[in-house]
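Residue strings, one per chain:
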Amino acid sequence: MVLKGKILRLPDRVSGDIILPAAYARLPVENMLEQVLAGLNPELPKKVAMSQIIVAGDGFGCGTGRESSATVLKEAGIRAIIAKSFGRLFFRNAINRGILLIEAAALVDCDALRDGDELTIDLDSREIRFGNSQYDFPAPPQIIREIIMAGGLINYGKLLLSGETTGGSV
Amino acid sequence: MSETFAEKILARKTGQARVVPGQIIEVSPDLSYSHDYSVLVIKAFNDMGGRRVWDPSKIAICLDHGIPANTAKEANDHKVVRRFAEEQRIKRFYEAGVGIVHQVMVEKGLVLPGTIVVGSDSHTTSCGVMGAFATGIGESDTAFLWATGRLWLRVPASVKVTLTGALRPGVYAKDVVLELLRQVKGDGLIYKSIEFSGELIENLPVSQRFVFCNMTCELGGKCGVIACDRTTREYLENRTEVSYEPTYADADAHYDQEIVIDASTVSPMIALPGDVDRGVPIEKAAGTKIDQAFLGSCTNARADDLEVAAAVLRGRKVHPKVRLLVVPASAQEGLEAMRKGYMEIFQEAGAIILPSGCAVCHGGHQGVLADGDKCISSSNRNFTGRMGNPKAEIYLASPAAVAAAAVAGEIADPREFLS
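In the order they appear, the protein sequences are chains A and B. Each residue of the first sequence is one higher than the one before, counting from 1 in my numbering. Each residue of the second sequence is one higher than the one before, counting from 1001 in my numbering.
Just so you know, not all the hints are guaranteed correct.
[Unchecked claim] Straight line, CA to CA, 35 Å or less: simulated DSBU-like cross-link-like pairs of lysine-lysine:
no. : chain 1 : residue 1 : chain 2 : residue 2
1   : B       : K1073     : A       : K46
2   : A       : K74       : B       : K1340
3   : B       : K1058     : A       : K74
4   : B       : K1185     : A       : K47
5   : B       : K1321     : A       : K6
6   : A       : K47       : B       : K1043
7   : B       : K1391     : A       : K47
8   : B       : K1073     : A       : K84
9   : B       : K1091     : A       : K158
10  : B       : K1013     : A       : K84
11  : B       : K1284     : A       : K74
12  : A       : K74       : A       : K158
13  : A       : K158      : B       : K1391
14  : A       : K74       : B       : K1073
15  : B       : K1043     : A       : K4
16  : A       : K4        : A       : K84
17  : B       : K1043     : A       : K6
18  : B       : K1391     : B       : K1374
19  : B       : K1058     : B       : K1091
20  : A       : K46       : B       : K1284
21  : B       : K1043     : B       : K1073
22  : A       : K46       : B       : K1043
23  : A       : K158      : B       : K1185
24  : A       : K46       : A       : K74
25  : B       : K1391     : A       : K84
26  : B       : K1317     : A       : K6
27  : B       : K1108     : A       : K47
28  : A       : K46       : B       : K1317
29  : A       : K46       : B       : K1340
30  : B       : K1043     : A       : K74
31  : B       : K1374     : A       : K74
32  : B       : K1108     : A       : K84
33  : A       : K47       : B       : K1058
34  : A       : K6        : B       : K1391
35  : A       : K158      : B       : K1284
36  : A       : K84       : B       : K1185
37  : A       : K158      : B       : K1374
38  : B       : K1108     : B       : K1340
39  : A       : K158      : B       : K1043
40  : A       : K84       : B       : K1284
Since the hints were derived computationally from the structure, they do not count as laboratory data. None of these values were measured; they are calculated from a predicted model.
Just need the whole structure built from these sequences, with the hints factored in.
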């Protein structure tokens, strides 16, 4: 699987609460999209919509376990997030929503990387390519890979319940 | 041998001789619970093609986030959840007002030592207070579990936190956890299983132990556990008839990190707005005017928390420029507080008493802040926007400090109000 997309840089400690406040967690998708990261900066809902990959710092998605913080990013078109670390529950939720998560501190520290730059993530060769630079990342566990490839846990569950997979990869 | 708590319980529950940190395993939990967000779990369950839940006796649902409903949408969501519980024969369904789910699961005796507990909420780590391996999972995760009985977990590395000494007057478990957060930073123990022990823990009642396991998720932990001891057994005595087999770490287990804090050196703390790790001794923030004081949440709103706050408020009035919200963690805790006269003190002092639930803690319900408001809270998170407004500020502190600020109209050292 190869993902190519424009990046959006975000700071350290972007909490799940600021990605999407609780008041919007159960609203229709279009209302959620208007609010994504707006508490951090009112321009961000537009910027997120133009990006496919987020590059953030430490603890991205920290705090709340509300899955809507991951759902809204997926619905906004985000396909991968590269960070130094992720809030533990956001990590599960984003994978379950089919977003590829990669911990790559060296890439996050690369100052040359700006909003709108294009990155390529190759899940098979486990490489992130940016201009002439290249960053390796460790292979995600098989179960995570399968959930991402299925497009998220709901699809994965569908395949399992309909007998199309046994999910025997653990 | 040489196993941590997490390694031992996860090996036992998966029938393996040994598991190692980083390993992906599949478990079938002993208890899976959810709250109002069950409505999203149910949607995912239906989208997956789920028909019957894997085991209704292992599922519990408690409405706590948006209670009583504010809007028709919220009321309809609750209705969907009620109907699902009935159709799926989930007997452990707790109506709006019973309490905050984490507190309710523990006080109803559903969380037992040596079991695996998952909840669709980050503060599920609270249940580690009973010696369980307890962690938060997502809504899709919960739906998948309910539909298949399966859940993947990564075996966590472990950290040992030893809390020695005794608390000085005016200092509580909350102050110690804010000090721990200051030291290790928010998410400083990310993905870890945190084992709390030491003289302080041994001498604390379940209610105060709860605070450490609850705020384990602010530390970044996957789970936070306090080994089953006499206090745990006594607490469970009249709450369950089910037998249980506690799990204990081996004395020679390997920990990634060991942290020791002498509780007798901790003074009243307050976390400044923006992040949970911005703790300072409270006198450094003294004099900051506040608009709202929130005495509630799964962290600090049990009867003994209310007792401390009542001691501060007895014979005093809430400052005319402050709204004090009092929200017992559960109806049972509220009832105890009522019988002991604390609720009368709150009402007389001019507090607003709300039904047991999450209230404003998550920002979606009763008590949302205005632009520029400052709120002192006994809850667990002070991230920007957490209480429903990114233009407001939240300070975290103990119930004593919340009550003291409510009286003074500004942040104050609670020790000055406790004689």
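Hint-by-hint comparison with the structure:
1. Distance check on the hinted pair: K1073 of chain B and K46 of chain A sit about 28 Å apart at the alpha-carbon level, within 35 Å; holds.
2. With a C-alpha separation of about 50 Å, the suggested pairing of K74 of chain A with K1340 of chain B is violated against the 35 Å cut-off.
3. The hinted pair formed by K1058 of chain B and K74 of chain A meets the criterion: a straight-line CA distance of about 31 Å does not exceed 35 Å.
4. Proximity of K1185 of chain B to K47 of chain A is assessed by CA-CA distance (about 30 Å); at most 35 Å being required, the pair is judged to hold.
5. For the hint pairing K1321 of chain B with K6 of chain A, the CA-to-CA distance comes to about 49 Å; that exceeds 35 Å, so the pair is violated.
6. Distance hint between K47 of chain A and K1043 of chain B is fulfilled; the C-alpha atoms sit about 29 Å from each other, no more than 35 Å.
7. Of the pairs offered as hints, the one joining K1391 of chain B and K47 of chain A holds, with about 21 Å between alpha carbons and a cut-off of 35 Å not exceeded.
8. Taking the CA atoms of K1073 of chain B and K84 of chain A, the gap is about 38 Å. The hint is violated against a cut of 35 Å.
9. Only pairs whose Cα atoms come within 35 Å are accepted, and K1091 of chain B paired with K158 of chain A is accepted, the gap being roughly 27 Å.
10. Restraint check for K1013 of chain B and K84 of chain A: the C-alpha separation of about 32 Å stays at or below 35 Å, so the hint holds.
11. About 42 Å separates the Cα atoms of K1284 of chain B and K74 of chain A, which puts this hinted pair outside 35 Å; it is violated.
12. At most 35 Å may separate the alpha-carbon atoms for a hinted pair to count; K74 of chain A and K158 of chain A meet this at roughly 19 Å.
13. Note on K158 of chain A and K1391 of chain B: the hinted pairing is violated, with a Cα-Cα distance of about 42 Å set against a maximum of 35 Å.
14. A C-alpha spacing of about 24 Å is found between K74 of chain A and K1073 of chain B, which places the hinted pair at or below 35 Å, so the restraint holds.
15. For the hint pairing K1043 of chain B with K4 of chain A, the CA-to-CA distance comes to about 31 Å; that is within 35 Å, so the pair holds.
16. At roughly 20 Å between alpha-carbon atoms, K4 of chain A and K84 of chain A fall within 35 Å of each other, so this suggested pair holds.
17. Restraint check: the Cα-Cα separation between K1043 of chain B and K6 of chain A comes to about 32 Å, which is no more than 35 Å; the hinted pair holds.
18. Distance restraint check for K1391 of chain B and K1374 of chain B: the Cα-Cα separation of roughly 9 Å lies within the 35 Å cut-off, and the hinted pair is therefore satisfied.
19. Restraint check: the Cα-Cα separation between K1058 of chain B and K1091 of chain B comes to about 10 Å, which is no more than 35 Å; the hinted pair holds.
20. Proposed proximity of K46 of chain A and K1284 of chain B is contradicted: the alpha carbons are some 40 Å apart, above 35 Å.
21. For the suggested pair K1043 of chain B and K1073 of chain B, the alpha carbons sit about 15 Å apart, so the restraint of at most 35 Å is met.
22. Restraint check for K46 of chain A and K1043 of chain B: the C-alpha separation of about 28 Å stays at or below 35 Å, so the hint holds.
23. For the suggested pair K158 of chain A and K1185 of chain B, the alpha carbons sit about 40 Å apart, so the restraint of at most 35 Å is broken.
24. A distance of roughly 14 Å separates the Cα atoms of K46 of chain A and K74 of chain A; the hinted pair therefore holds under the 35 Å criterion.
25. With a CA separation close to 28 Å, the supplied pair K1391 of chain B and K84 of chain A stays within the 35 Å bound.
26. Of the pairs offered as hints, the one joining K1317 of chain B and K6 of chain A is violated, with about 57 Å between alpha carbons and a cut-off of 35 Å exceeded.
27. Proposed proximity of K1108 of chain B and K47 of chain A is contradicted: the alpha carbons are some 47 Å apart, above 35 Å.
28. At most 35 Å may separate the alpha-carbon atoms for a hinted pair to count; K46 of chain A and K1317 of chain B exceed this at roughly 48 Å.
29. This hinted pair does not check out: K46 of chain A and K1340 of chain B have alpha carbons roughly 54 Å apart, beyond 35 Å.
30. With a CA separation close to 17 Å, the supplied pair K1043 of chain B and K74 of chain A stays within the 35 Å bound.
31. For the suggested pair K1374 of chain B and K74 of chain A, the alpha carbons sit about 33 Å apart, so the restraint of at most 35 Å is met.
32. At roughly 40 Å between alpha-carbon atoms, K1108 of chain B and K84 of chain A are farther apart than 35 Å, so this suggested pair is violated.
33. The straight-line distance between the Cα atoms of K47 of chain A and K1058 of chain B is roughly 43 Å, outside the 35 Å bound, and the hint therefore fails.
34. The suggested pairing of K6 of chain A with K1391 of chain B holds, with an alpha-carbon distance near 30 Å, which does not exceed 35 Å.
35. Taking the CA atoms of K158 of chain A and K1284 of chain B, the gap is about 55 Å. The hint is violated against a cut of 35 Å.
36. Restraint check: the Cα-Cα separation between K84 of chain A and K1185 of chain B comes to about 15 Å, which is no more than 35 Å; the hinted pair holds.
37. Annotation: proposed proximity of K158 of chain A to K1374 of chain B is violated, straight-line Cα distance about 46 Å (limit 35 Å).
38. A distance of roughly 21 Å separates the Cα atoms of K1108 of chain B and K1340 of chain B; the hinted pair therefore holds under the 35 Å criterion.
39. Of the supplied pair hints, the one linking K158 of chain A and K1043 of chain B holds, its CA atoms being roughly 13 Å apart against a limit of 35 Å.
40. Distance restraint check for K84 of chain A and K1284 of chain B: the Cα-Cα separation of roughly 32 Å lies within the 35 Å cut-off, and the hinted pair is therefore satisfied.
Of the hints listed earlier, those the structure fails to meet are numbers 2, 5, 8, 11, 13, 20, 23, 26, 27, 28, 29, 32, 33, 35, 37, in rising order.
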